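Could you build all of it, start to finish, from the sequences and the hints given here?
Protein chains in written order, with our numbering: chain A, 1 to 319; chain B, 1 to 412.
If you are wondering where the hints come from, they were derived from the structure by calculation, not from laboratory data.
Misleading hints may appear alongside valid ones.
Derived, one-sided and incomplete: chain A residues facing chain B with beta-carbon distance under 8 Å [unchecked claim]: (1) L48; (2) L165; (3) G252; (4) A254; (5) E255; (6) Q270; (7) F271.
Which chain B residues stay away from chain A? Per the calculated CB distances, all over 10 Å, these [to be verified]: (8) A106; (9) L117; (10) E137; (11) T197; (12) D265; (13) M275; (14) V325; (15) D400.
All values derive from a computational prediction rather than experimental measurement.
Beta carbons are placed, not taken as given, at the ideal position from N, Cα and C, and that holds for glycine.
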Amino acid sequence: MIGAVMRRPRSLQATAALFLSPMVLALAVVAVWPLARTIWFGFTDASLTAPADYTLVGLANYLEVYDGAWYGVLADPQWWQALRNTLVFAAASVTAETVLGVGMALVLNARFPGRGLVRAAVLVPWAIPTVVSAKMWAWMLHDQFGIINAGAMALGLIDRPMAWLASSDTAMLSVILVDVWKTTPFVALLTLAALQTVPRDCYEAARVDGIPPWRVFLHITLPLIRPALAVAVVFRLLDALRVFDVVYVMTGEAEATMTLSIHARQQLVQFQDMGYGSASATLLFLVIGLVTVAYLAVLRPDRAASGQRMAGHAGEAGG
Amino acid sequence: MALAGGGDARAQGVGITISCGALGVELQLCRDGVAAWERETGNTVEIVSTPNSSNERLALYQQILGAGADDIDVLQVDVVWPGILAPHLVDLKPLLGDAPDAHFPALIDNDTVDGRLVAMPWWTDAGVLYYRRDLLEKYSHQPPESWSDLTRIAALIQKAERAEGRDGLWGYVWQGRAYEGLTCNALEWFDAFGGGTIVDGDGKVTVDNRRNRAALTEAAGWIGTISPEGVLNYDEEAARGVFQSGKAVFMRNWPYAWALSQSEDSPVRGKVGVMALPPGGPEGKTTGTLGGWHLAVSRYSAHPEVAADLVRFLTSPAEQKRRAVEASYNPSIPALYKDDEVLAANPFFGQLFETFQTAVARPSRATGDNYNRVSAAVWQRVQDALGGRMAPDAALAALDRDLNRLSRGGRW
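Next comes the structure, spelled out in structure tokens:
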């Protein structure tokens, strides 16, 4: 009897390992291997012209001294500019998307006629492929033909057409706004799903006690949707830090908006420098890892989630 | 036996592949040319489709060639690629006999890397100036004789037309986006003022000089005056969009824009003139950046001789004449610019001939596989000056430092 109890978890584990192994294998092939290769190439002088013909150069792609001058990605002012751009883009777009997304979810969570239709409509920007929407916005923001300039001039907001994407002052702002337009629905969708799991009786109790709505939001809604929101923000943050398509389509390789991904692609594909480009890509990987770890350490969504799980178990036990 | 004389490559029923233009009239021209060669030789050719964007196409070629794969026998290559791809390409000189002698010497020079002829010119291109003939006549101006002349005429017409209510009219549109096209424009300004080719034939960086400072200062003065600020995000098609809808007096573009500006539904049809880009001043000259596409044979091809024969056929005078008459593609053979049929179809070709004689090549041979880095440094610093983030002389000094740094002191 005791033996049977002991054996059962082990066979469960074996079954689990069996079911998981294809997944682990697939991950190793499509994720671990390319990543390892990229890191490896970062220590070589491989060129796209002859990828098999390379020598090890140690850390030269990252930093080296040659004739008294510093070389390597970490001495490349353009890489640092790209890092600044990427962090600004990620911070601004994710913040705006989170605030707007939660607001949108709260509206969609209310009962009103035509709610289903509005919910579907809100998802449209998310459903359009990024390249298509970026190109569409590039035309809408065009200085001569763009509908944005025509509209703003008709309303008297500006007196002459603005070159949104050409001026370095407005290019980053435009790209961020287009990203916000596109991905706010994603945050809204995840938040809405979480909102619908919040028990109605919490709100009823609050209403009976006459608690003002903003305090209800702060003390009941927000803590309960926090785990889902944290997941949404991590997803968005990872996406924003490796952003490529929307920026590349709208402003190409302009310095004012160049992100780390665009920098890595430029080195790897356009300059055929696999070694340097791989070093740039590896640093991008490290930046994403660092930011994500920092975010998780500060917000601890895991603790919030387990807290809620325990509350859930307690509730079950109580019920 | 020399293949140029025709012989053992013929009628073997060999199958080879070619990558040429991906869409539209370019693909159709390639298809027709290839079909004629198939009929003549009894061999078969498969056309491999490649990306339309030239940057992406280069990356694909490099992947295929880097792996030593024989997927493509004949490659259509950009004028700036021979220096990058040379190690993977067959030396065509022993295979083609005296055929190269008929072409512009500058193009054959461009395709000769370390004494090996790695490509053959197929059609050529150079930046040219388009102008609104009707507007110049209306205000009784002659076409500009220098860049400062152009600046003055553009400003005058722009002001006068706007006073008549045409608010959206601009003086001059060109390609200012951060990409290869801006490097072409900048090289034209430099060359027009007599300031050299950014990096000279020996690999020495020559960009920071008095004449280039004058050129860049002139160009930076256009932004927001005769050129919309948005020009800093324009490529060829964006500039053509503005010009062809009648919203600009002058435009810098490639010859392809001519046929389109004369199409049925073009608002500026019959109102457009084409000329060489003007000189920068007394020390300058008319110019145009050299562009165009060439054909090369992969070293990994299983049938290099048959492939070279296809190149010989497609770059021959007869085939280039057909392409010029049917679709205004500029021959790389000087004699065809005096051909009556070619001139009847393209009245402005006589004008372009002069441009090709004085055209300036991008420094792609001197900088080899670093060319794309050089070009990126050029467009970034030039944009800094145009966008007002740096004074023109500071931008050129910075570019000089960038290029010396890139080449680690002129050793490309």
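Hints versus structure:
1. L48: Holds, because the Cβ-Cβ distance from L48 of chain A to chain B comes to roughly 5 Å (cut-off 8 Å).
2. L165: holds, 5 Å
3. G252: For G252 of chain A, the interface hint holds, since the closest Cβ of chain B sits about 5 Å away, which is under 8 Å.
4. A254: Given a least distance of 4 Å, the restraint on A254 of chain A holds.
5. E255: holds, 6 Å
6. Q270: holds, 5 Å
7. F271: holds, 5 Å
8. A106: A106 of chain B is indeed farther than 10 Å from all Cβ atoms of chain A, at 25 Å.
9. L117: Given a closest Cβ separation of 20 Å, the condition holds.
10. E137: Holds, since 25 Å exceeds 10 Å.
11. T197: Per Cβ check, T197 of chain B is outside 10 Å of chain A; nearest 20 Å; holds.
12. D265: Non-interface label on D265 of chain B holds, nearest chain A Cβ at 16 Å vs cutoff 10 Å.
13. M275: Check passes; 24 Å lies beyond 10 Å.
14. V325: Fine: 34 Å to the nearest Cβ keeps V325 of chain B off the interface.
15. D400: Correct as stated: the minimum Cβ-Cβ distance to chain A is 14 Å, above 10 Å.
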